[in-house]
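Novice: As a plain string of letters, each chain reads:
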Amino acid sequence: MSLLVVFDLLGIFVFALSGATAAVENELDLFGVLVLSSVAAIGGGLLRDVLLGALPPAAFLDGRYLLVPIVAGLLVFVGSHYVERLAAPVRLFDAAGLGLFVAAGTTKALEAGLGPVAAIALGSITGIGGGIARDVLVGVVPVVLRRELYAIPTILGASVVVIGDGLGAPRTPTVVLCALLVFSVRMLGVWRDWHFPTARVSRPEL
Amino acid sequence: MSLLVVFDLLGIFVFALSGATAAVENELDLFGVLVLSSVAAIGGGLLRDVLLGALPPAAFLDGRYLLVPIVAGLLVFVGSHYVERLAAPVRLFDAAGLGLFVAAGTTKALEAGLGPVAAIALGSITGIGGGIARDVLVGVVPVVLRRELYAIPTILGASVVVIGDGLGAPRTPTVVLCALLVFSVRMLGVWRDWHFPTARVSRPEL
Amino acid sequence: MSLLVVFDLLGIFVFALSGATAAVENELDLFGVLVLSSVAAIGGGLLRDVLLGALPPAAFLDGRYLLVPIVAGLLVFVGSHYVERLAAPVRLFDAAGLGLFVAAGTTKALEAGLGPVAAIALGSITGIGGGIARDVLVGVVPVVLRRELYAIPTILGASVVVIGDGLGAPRTPTVVLCALLVFSVRMLGVWRDWHFPTARVSRPEL
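Residue numbers (this note's numbering), protein chains in the order written: chain A, 1 to 206; chain B, 1001 to 1206; chain C, 2001 to 2206.
It cannot be assumed that every hint is accurate.
[Said to hold, decoys possible] If we take Cβ atoms under 10 Å as the criterion, some of the chain A residues that face chain C in the derived model are:
#, residue
1, G53
2, G113
3, P116
4, A118
5, A119
6, G139
7, V144
8, L156
9, I163
10, L167
11, M187
12, L188
13, T198
[As the list claims (entries may be wrong)] Taking lysine-lysine pairs in the DSSO-like style, the calculated list, with each CA pair at most 30 Å apart, reads:
#, chain 1, residue 1, chain 2, residue 2
14, A, K108, B, K1108
15, A, K108, C, K2108
16, C, K2108, B, K1108
Treat the hints as calculated values from the structure; they're not laboratory data.
The beta-carbon is built from N, C-alpha and C at its ideal position, and this holds for glycine as well.
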């Protein structure tokens, strides 16, 4: 098992934890917990592969990509009393997972021949699509669209891969730089409690 | 028209009834009723075909798959006063439809070369995807993720098809066994009011 | 840049305005505004291309289709104080965009070999899919399913394209007629405040 696969599965694992935690908080049953952990973990990658026409999606061709979310879901279900203690480490892994997902998604989009803007869009979808689907399923306006500062690290990281590709830089260091950048900026945002601006609204209703 | 097609259209019809009923209860207009009956009826199959890359989806290649939900939607719209009397028979057909959808979805996934875990996942998506989409569209956390015991019959049934395939059993009896098992376990769950467990949550908010 | 592309980008622009406006009203941050303007603008076309298997989708192969929603989102974000004054012109362009999207979607479906019912369904999905996704993301039951009279112009317009195709009429005048019809009927509905009927519900709960 290569180091890249290890990191990939680790990213899937922590994204799955976030999905299972959301499910437990919303009092879904065990099945709902497993569905939400899977959706959060592999939803972004599924969406990427569907949009690229790379079907069946990678997650369906390797049993581990489906089993890891199930294991994560069962752990959260059984250990739901202890979930709050895991908040800090999960956030760390979540930032790492985001970096890996954005790097992988942007790279795959470039390899499929997409242009720079589309590649950044697809890398972002890979990184945040699972979290959006998770929130929609529990009836919540996706947190990434409201206040969590996911966008800046995501777009910065995807841009690094696109620029590196445009300059003809070798793929591996670019991908590593992207993942590290996403991770650092995301953790910095969490640590300093950075938020994206919201617009002033002058009217009470439409 | 073969018996399989008859059962398939019957499954689509009862799933469409569930979508149209949800639409009427949420005071959607006639168009919303038709959209929800279609989404509930063919949404799971569309998702399956998209993920398999079998495009355009089967439901778009046979006009009947689109016309049956429209007929069901119109019936519910016109007869909304009588919908409650139909609850018991609809539940029966719904369980039958679930069996047929799971059997068909798992089989199609195996024939596309997917492994056992992915085939079970795709069979389940075929069976419950339409109901999830229906609930998301009316702003409700999907009932199948919360309390209805759809998961056990769905996964059991899909596993029967996968195991039968692994043992080299002929397809037809396996599919029939799957559909019967899903139907029986689902009806048993409805009759005995079985629910899936939910996790204890010790903290009021995140 | 041909006239058709100009109209297409104009349709995307006004649909993006509707998405960005919904985002600002729901107090999403800047990133959420950009995501919602993109989803509303190109979501229907993405869904159409996914269902047709025309992947990667057209919107990912032409950078302008991704940049126009970003510009529209930034304009709404910066000028959110003035959004209400734009309601009337936006509704006009929205009706025009609907006409162009339905015409383009139905035509693409016919060219992919789909039958009349499926082509009408896919043309409708192209026209209203983005608005539905926009509403789901902000946790609202899609307005097009509840009261806005989008369905009649949409289905009428798509039917014109299908009937014209069946009669062997040349494509261009049929498409123009479809777009004009959708636009006129939609504006007439806005002007006369037409709504689709909803069903009477006699029972308080299921």
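Novice: Each hint: holds or not?
Specialist: The hints, checked one at a time:
1. G53: holds, 3 Å
2. G113: holds, 8 Å
3. P116: holds, 8 Å
4. A118: holds, 4 Å
5. A119: holds, 9 Å
6. G139: holds, 6 Å
7. V144: Interface hint status for V144(A): holds (7 Å vs cutoff 10 Å).
8. L156: Nearest chain C Cβ about 12 Å off; hint violated.
9. I163: Hint on I163(A): violated, closest Cβ of chain C at ~15 Å, above 10 Å.
10. L167: Cβ of L167(A) sits 19 Å from chain C, so the hint is violated.
11. M187: Nearest chain C Cβ about 18 Å off; hint violated.
12. L188: violated, 17 Å
13. T198: holds, 5 Å
14. K108(A) x K1108(B): Given pair K108(A), K1108(B) holds - Cα atoms ~27 Å apart, limit 30 Å.
15. K108(A) x K2108(C): Holds, because 27 Å separates the two Cα atoms, which is no more than 30 Å.
16. K2108(C) x K1108(B): holds, 27 Å
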